[in-house]
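Starting from the structure of chain G, add chain E where the hints point.
As you go down the protein sequences, you meet chains G and E in turn.
In terms of this note's numbering, the first sequence opens at residue 117 and continues consecutively.
In terms of this note's numbering, the second sequence opens at residue 172 and continues consecutively.
If you're looking for bench data, these hints aren't it; they were derived computationally from the structure.
All values derive from a computational prediction rather than experimental measurement.
A virtual CB, placed ideally from N, CA and C, is assigned to each residue, including glycine.
Heads up, some of the hints might be wrong.
Label pairs and their computed distance ranges (CB to CB) [to be verified]: (1) E/204 / G/620: 36 to 44 Å; (2) E/196 / G/117: 43 to 51 Å; (3) E/200 / G/159: 21 to 29 Å; (4) G/640 / E/197: 38 to 46 Å; (5) G/309 / E/204: 22 to 30 Å; (6) E/200 / G/470: 24 to 32 Å; (7) G/516 / E/196: 34 to 42 Å; (8) E/192 / G/563: 44 to 52 Å; (9) E/196 / G/496: 47 to 55 Å; (10) E/204 / G/569: 55 to 63 Å; (11) E/197 / G/466: 25 to 33 Å; (12) E/192 / G/439: 52 to 60 Å; (13) G/558 / E/197: 46 to 54 Å.
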Amino acid sequence: MQLLDWIILSATLIFIVAYGVLKTKGSKNVEEYILGNNETPWWTVGLSVMATQASAITFLSTPGQAYHDGMGFVQFYFGLPLAMVVICITFIPIFHKLKVYTAYEYLEQRFDVKTRTLASVIFLIQRGLGTGLTIYAPAIILSSLLGWNLNLMNLIIGLLVIIYTVSGGTKAVNVTHKQQMFVIMIGMAFAFYMILEYLPEDLSFSNAMHIAGANNKLDILNFSFDPEERYTVWSGIAGGFFLMLAYFGTDQSQVGRYLSGRSIRESQMGLIMNGFLKVPMQFFILLIGVMVFVFFQFHSAPLHFNPNNTRIINNSEYKPDYERLEGHLKMVAAEKEEISLLYVHQLNQDYDNKELHNKMVALNTREKDLRDQAKDLIKKADKGAETNDKDYVFLYFILNFLPHGLIGLLLAVIFSAAMSSSASGLNALASTTTIDIYKRYAKGEKSEKHFVDMTKLFTLMWGIIAILFACVGTLFENLIQLVNIIGSIFYGTVLGVFLVAFFIKYVKAEAIFWSALVTQAAVIVIYRIYVYEVEILSYLWLNVIGAAMTIVLATLVQLFIGNRRGTESIGE
Amino acid sequence: MKNTIMKDNSSSWKKSYSLVLLLNVVYIVLFYFLMQIFS
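The following block holds chain G by itself, in its conformation from the complex:
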């Protein structure tokens, strides 16, 4: 990091925070603070929805995922467009018609207060954890690679978000999302351009894709029906559809974005914009990771990308073994560069040399094998060490190969993404705490100003909780997956409750409440056994199981209650 990077990073962040505070201060009532006075145009709704979903984890982890495993992760988003359409047709008109502040408010009107409270509490638990993680995830990676203090990083990201979210509420969150998305898109486009610039002169984009394809990095679609396969077209369309339906339809951090739309039409247009752009955007981010992979065919990459783990190994008895592996990797990298250049040279003469092609693939397999051996050594040196280094790949590339100035801009991208999703999280947590818990159960008449002040206080409180959670968090297998796993455990049940509310009029309050409670407990058990321990089920299916079980159970319970009551009334 040089002065230029610091200037670009600080100026971007200060501008976003100051703009958010100055443009939106002085909310007089709850409607203005939580719904932004329903003045948000459709494109701001669209950008805000996209910025909320795109956390820093998206930009750090996704390219790393593509670097190691290829582009199959894009399938995860195949269910999103259909989910957008369903929400536009069903959820948005109802929420707008009833003029609700939060999605859970609707559940009291449809069922009863305890179902509303149950859904709110489930949301507060999972979003509370999720928001802490959106702060923690970039902080741990940045602190590892830049040597910055982790807790200080958590504090800085958290405080920046708290400042404008407390000050301007939903309006501030929405207006800052525009700037953040602009910074993110500009930064990622520059990064992509620079990677292509740094590839060998005679390597065209098409041939770079050939190299990626030869190494299975372009295996985008997987039509396997094996439930153990995490990302397939089917799990993406079905599991992804339910997850996205639950996330965009019932998670207040997203519902709050489109509830602030000027009209039903503008809210719908915002979501449709997301449906158009999401898959290409994810494809582009994954493609950056694939191009980083191609880049490392011609440059040497470290044996392991997580510097915390290399520090562990360097202070252990396994240091000589690790250095031996590094020596092997150096030789493999040199040979790989030579073979790759030769292969490219022949590709340019329209000759796909199978021998060179196979040699290149074999060398990459050898490299992967060396990396796996390094991970085994790290595990031996420290049993508790997390050996998955996907989240560090892209930032390693940024810090070691991109020019100064661009490093600052890309760090601003990561901070912006962290702030955009955390801000929506805090805003939604505070809205739900105020509207569904505090206001619902408060006794006596209270002024509008009181509720605005309380929402601000709750925003601050959740901000502090998120920072504290971030400070005690530990790194799991893959951060982006962890966020999705947490979502999958809770979303299915809440989605089931909303689907019953919209489509099965016959089911009443008692039936849905107990069914939701039992389903939530069952989903946690299923996750623990079949996803975490036995690993025979992709976590994406938890949404489907949760939603389906809630619906079936609620229908059966209602049938039982209804029949019993019917019998009782006959008896009387």
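For chain E alone, kept in the frame of chain G given last:
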């Protein structure tokens, strides 16, 4: 509360919804060809 789902029946909106779904099918088809070309 009357639990009525307000269906959006205007033809321009039906077109938008169909278009967004169709475009995403096109994305998937493109991905398929991309895989075939470069694998």
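Consistency of the hints with the structure:
Evaluation of the 36 to 44 Å hint for residue 204 of chain E and residue 620 of chain G yields a pass: the beta carbon distance comes to about 42 Å. Separation of residue 196 of chain E from residue 117 of chain G is about 45 Å and conforms to the stated range, judged on CB atoms against 43 to 51 Å. Remark: the range hint 21 to 29 Å for residue 200 of chain E to residue 159 of chain G is upheld by a beta-carbon distance near 28 Å. Between residue 640 of chain G and residue 197 of chain E the C-beta distance comes to about 39 Å, which sits within the given range of 38 to 46 Å.
As the Cβ distance of residue 309 of chain G to residue 204 of chain E is approximately 25 Å, the hint placing it in 22 to 30 Å holds. Taking 24 to 32 Å as the suggested C-beta distance range, the pair residue 200 of chain E and residue 470 of chain G conforms, at roughly 28 Å. About 40 Å separates the C-beta atoms of residue 516 of chain G and residue 196 of chain E, a value consistent with the hinted range of 34 to 42 Å. The hinted range of 44 to 52 Å is satisfied by residue 192 of chain E and residue 563 of chain G, whose Cβ atoms lie roughly 47 Å apart.
Remark: the range hint 47 to 55 Å for residue 196 of chain E to residue 496 of chain G is upheld by a beta-carbon distance near 49 Å. Under the hint 55 to 63 Å, the C-beta atoms of residue 204 of chain E and residue 569 of chain G, about 57 Å apart, fit the expected range. Under the hint 25 to 33 Å, the C-beta atoms of residue 197 of chain E and residue 466 of chain G, about 29 Å apart, fit the expected range. Taking the beta carbon of each, residue 192 of chain E and residue 439 of chain G are about 54 Å apart, inside 52 to 60 Å as hinted.
Between residue 558 of chain G and residue 197 of chain E the Cβ separation comes to about 52 Å, which falls inside the hinted range of 46 to 54 Å.
The structure is consistent with each of the numbered hints, conforming to all of them.
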